[in-house]
Amino acid sequence: MMQMTYREAIRKALADSMAEDRQVILIGEDVGVYGGCFKVSEGLVKQFPNQVIDTPVSEEGFTGMAIGAAMMGMRPVIEIMYADFFTLIFDPIVNHAAKTHFLSAGRFSCPIVIRLPEGSGTGHGAQHTQSPEALFLNESGLKMVAPSNPSDAYNLLRKAIRDNNPVLFFEHKLLYDTSGPVTPEDIEIGKAKVVREGNNLTLISYSHAMKTTLETAELLSEKGFEATVVDLCSLKPLDVKTILTQAAKTGRAAMIQDTAAMGSVGSDVLALISSDRQTFDLLKDPPLLICGKNSPTPFSKDLEKNAVPNAAESAEKIINHFFS
Amino acid sequence: MNKDRSFCIRALTLMYSSRFFEEKTELLFRQGLIHGTTHLANGQEASQAGLCMALGDKDWIVPTHRCHGFTICRGSSAYSMFSEMFGSSHGLAKGLGGSMHMPDKDHLNLGSSAVVGSGIPLATGIAFDMKYNGKEGLSVAIFGDGASGRGSLHESMNLASIWKLPVLFYCENNLYGMSAPSSAMISVPHVADRAQAYNMPGLTVDGNDFDAVHEACLNALSYIREGNGPYLLEVMTYRTKGHSKSDRRLYRSAEEEERWAQRDPIMLYENKLIENGILTADEISKIRNSCFEDIEKQASKALEDSSDRLTEQEALDLVYAP
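Top to bottom, those sequences are chains A and B. My numbering puts the first residue of the first sequence at 795, with every later residue one more than the last. My numbering puts the first residue of the second sequence at 363, with every later residue one more than the last.
Heads up, a few of these hints could be off.
Said to hold, decoys possible - Residues of chain B placed beyond 10 Å of chain A at every Cβ, according to the derived structure:
#	residue
1	G418
2	S480
3	H552
4	D555
To be verified - Listed next, the in silico BS3-like pairs over lysine-lysine satisfying Cα-Cα at most 25 Å (straight line):
#	chain 1	residue 1	chain 2	residue 2
5	A	K840	B	K526
6	A	K1005	A	K840
7	A	K840	B	K493
Stated by the list, open to error - If you want the ones that stay clear, here's a sample from chain A, every Cβ over 10 Å from chain B, calculated:
#	residue
8	A809
9	I819
10	G837
11	E854
12	M865
13	G915
14	T1039
15	S1061
16	D1062
17	P1090
Hint data in this document are derived by calculation from the structure and do not stem from the laboratory. Treat the numbers as computed from the prediction; the structure is a model and nothing was measured. Just so it is clear, CB atoms sit at the ideal spot from N, CA and C, and this is done for glycine as well.
Chain B on its own, in the form it takes in the complex (with noise of 0.2 Å):
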């Protein structure tokens, strides 16, 4: 475990800020200020920030549909993020993308693929470019328990394989697919089983434990900055909300997520920072207050400006470069 004050503070703050984002986020959708889908990461926020606090500032990553938390600790605004989804200029992609399309080129991020699993062959190309170009950095492939079925991965993982690419493949197990369950769907007992058969390493750990996964991505980053090719790590984690807004979650019990609740990644975590002396239960609820007040504030901001659209012209004239 890091035990450094600061860098405890900030994994709190990261991980507080993307669940208070998610929160804010169904709200507004159920208040109707925002239309379309979204897909929220709530019970994931250890792997989003444990991850994100192991990259370095030359390395790239390609999340998944369920993109806010991992966006937030990279280190994209919350108002450029609810603004995206409030339609309006100010938005990340201008308002032209939506919950889904939160790309953040100052911030290293390429954006998600709306298409499970597509996303991954992108992150392995800049991967191919830094390798390529003797640019220092790696890439982050981040797909879910539910994209380890497609080709894309399988085709992704022996390229970067063959070719020794600087890749993390990255898997978020939060143990469905929409509705299926992985053990249903995957025919090993966990994706990271994967690795063999492309010739790197794969290990499995515990997604919700933040230092876990931060101590796990360091150990596969380092591997991989030392030249060895790409890694496959897989977090073992839950979402503790839907699929996405329309789902009922009629295929899981309230047993199994009472179950995962007494295992919340900031619970957890808040709870060894105070066994180990590092934060005060005071303290830590001044960062909670401090985050919440942060996003609410940021989202009322986007919420303001958010009459500010791009005009037809300016939308079509996006439609190709220069």
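So here's chain A without its partners, still in its complex pose (with noise of 0.2 Å):
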């Protein structure tokens, strides 16, 4: 077990994928002598001076030729500066990486990893903070990991890595600095984790908003409300049988998450448990959605921090619709 932070439990992955097997490959802008716009791939380039790539400003471009170099075998890492940039990828992810497979009836396949820094709190303005998860949500043939403190950064990526399909792995910006205890561990993507036990409700969340999650069952159990909380770590494909069995252990279900409600994550997590005929009658009450504003991120200080849920806003709004 190693103490360190999110990033640089991310840039130990990086470093181990690339010291077992030179096929994998870091790529994009600034990533090499710069270190990445922030700072994970630090020192990678001196280490591992040809699988440290360095682009120019060609995020389709470069996204597509990895893209065909992991069809021939190779397993690229693309880091996109921003999250937000992934809109310059959409075409080679979902029309190519995520269809290879299919469209070749299993004799390609595309083991390629796009590493997307995302998340508001930075005052990087609008384009530089959206968390872009729910777009890809619906795209069959990809897979989302979304980590929330480092011991799952380190695991998801090095798993990601070894995985024979396109995953997106989505850091948050906020959770860079964050430290924790690193131990390696074979976690499968598509697995969530119950990190906190209580009865009287079940919190689920990802990333960044697990933080706030597990302030706000702190806040809860201060209150005499013990929560049950769920880690999703993988958003595709999302661990159902988890988000059932933990919602109808305790009856009560909240999911907290920074992005705004439509067609997100959470708000499939709800469906889910209220389709789920079991789930369903075991409720106590209706499921609740707490998330972020639907808004472009606003730049001000004020307006961006309230732009996410925050534990305080959280503990009382699930007070409210469960508990009074």
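From these two lone chains plus the hints, build me the complex, please.
Pasting the structure below:
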């Protein structure tokens, strides 16, 4: 077990993967000497001079290129500087990476990882702070993970790089400096984790909103309400079984997320819980979704901060909804 | 001109097979035996055969949505291609792809992108793998004049140039991107003029002259094989059919079509073979008939077997790789 930051955990996963397989390469803008916009790949180019590749500002071009290389057997990891720039790689990801295996009846696969630094709270304005995961949810053929802590970040990235499918790896910028123990573990993509046990309600979340969720669970505990907390870890495939079991267990389910509601992970989680007869019959209350504002991220500091849920507000909403 | 008899027979065979494949496809659509859509490449056979006969057995292609001719010329069986269009499990993509998706790993064909110009970066990626891993071979990004407007082409040409990747950017300029004349949509007289901006050689040749295409390809490929990086080759040709099966060709005149009919690449090549005493008219006619019969046979066999389909579960199991 090692103590490290989320950023260091991602870097270590990259380094360990590159060391064991030279087909693993890191491609992106300023990932070399600069160390990546968020210093995630700092130092890697010295250690792996051939495997860390700086590109021109050509997201579509180098992502498509990496897909072609992946179809030949390489395992490229792409860093998209800000997740917001996903718009530029939508075509290669959606029309090619996601459909490669299907459209070749299994003759080609596309083992590629796209790293997407996402999230608000950095004052970078509406085009550098989005969390675009919902826009990919409906895309068959993709896998999506969104770790909330250093250990999951390490293990999920290691796993994503070995996966034979395209995996979108959402890393939240506000988590880079958070620290925690990292234990190598064979974590399965598509499996959620129960990270806290409680009998009064079940809280479900992922990525940065997990931090808010755990704080919310503390506040609720102070008021005498004990929460089970589920960290989704993977967004696609979703761990339907854990979601339903844990929701049914307490009969009260709330999802906390930073993105807006419509067509999001949370709206899917709520739909799963409310449309499964067995789970529904065990619910004591309608499930609750606590989510980000339906707005581009504002620049102004307080407005930006309030665009995503915080623990105090979440606890209050939960008490009003379930316990009053 | 390569006057080797067996070479010429091979060239003629590939061009006939491509042509008869398209003619049969059109008929099967008219008869309602194939659903969906298709993009026929009648008139572009010299471009397809000329390129493919210049390629080596380690070279990959990424064709366009108008892919049948390239797929045949690269060596795929017409049976597996017809089967694909019948939606049967004997197809190159087991019936999951259709007319625009005919990847064939055994014949180093990555398959097409049905998004115009989106296959180009993938071809660059094949070349990246070759360079990175020291593999032999090169890759060919095939695209049309329409796709030359895509950012994906320009980004890929730049990437291939800065990293000296072994890619042939092969533009089949058939004068129209759907209904849009290339003269109205492209800011330079020739797509090959773009090469200069990306520091690579660019050349435009007559795409209906098999030998011109083949020789230009050989030259371009040897330039790439010497490690010089990418090359942009443009072949000027004409699709004699519409863009797809719904096209009424209102954007061009009957006179123009007639002018190009006089420059039919197969007819030009037949005449050349006779003039040069390589094959007689009788011999040519025998080759033609044999290609026609072969395509007929493969189409009937594919139709016969077309009720073999993937089950829903088998299809769903292919969404993710194991």
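Status of the hints after comparison with the structure:
Every CB of chain A lies more than 10 Å from the CB of B/G418, the least distance being 16 Å, so the non-interface label holds. Listed as a non-interface residue, B/S480 fails to keep its Cβ farther than 10 Å from every Cβ of chain A; the least gap is roughly 6 Å. Consistency note on B/H552: stated as away from chain A, and its beta-carbon is indeed over 10 Å from all of that chain's, at 22 Å minimum. The claim that B/D555 is not at the interface with chain A holds, since no C-beta of that chain comes within 10 Å of its own (minimum 20 Å).
For the suggested pair A/K840 and B/K526, the alpha carbons sit about 23 Å apart, so the restraint of at most 25 Å is met. Between A/K1005 and A/K840 the alpha-carbon distance is near 34 Å, which puts this suggested pair outside the 25 Å criterion. As the CA atoms of A/K840 and B/K493 are separated by approximately 21 Å, the hinted pair is consistent with the 25 Å bound. With a least beta-carbon separation of about 19 Å from chain B, A/A809 lies farther than 10 Å from that chain, consistent with its non-interface assignment.
A cut-off of 10 Å between C-beta atoms contradicts the statement that A/I819 is not in contact with chain B; the least separation is 7 Å. Chain B leaves A/G837 outside its interface by the beta-carbon criterion, the shortest separation being 22 Å against a cut-off of 10 Å. Its beta-carbon lying about 6 Å from the closest one in chain B, A/E854 breaks the requirement of being farther than 10 Å from that chain. Separation of A/M865 from chain B is inadequate, the least Cβ-Cβ distance of about 6 Å not exceeding the 10 Å criterion.
With a minimum CB-CB distance of about 32 Å to chain B, A/G915 clears the 10 Å threshold, and the non-interface call stands. Even its closest Cβ contact with chain B, about 24 Å, leaves A/T1039 beyond 10 Å, as expected for a residue assigned away from the interface. Taking the minimum C-beta to C-beta distance to chain B, about 23 Å, the non-interface status of A/S1061 holds against the 10 Å cut. Every CB of chain B lies more than 10 Å from the CB of A/D1062, the least distance being 18 Å, so the non-interface label holds.
Its beta-carbon lying about 25 Å from the closest one in chain B, A/P1090 satisfies the requirement of being farther than 10 Å from that chain.
The structure shown violates the earlier hints numbered 2, 6, 9, 11, 12.
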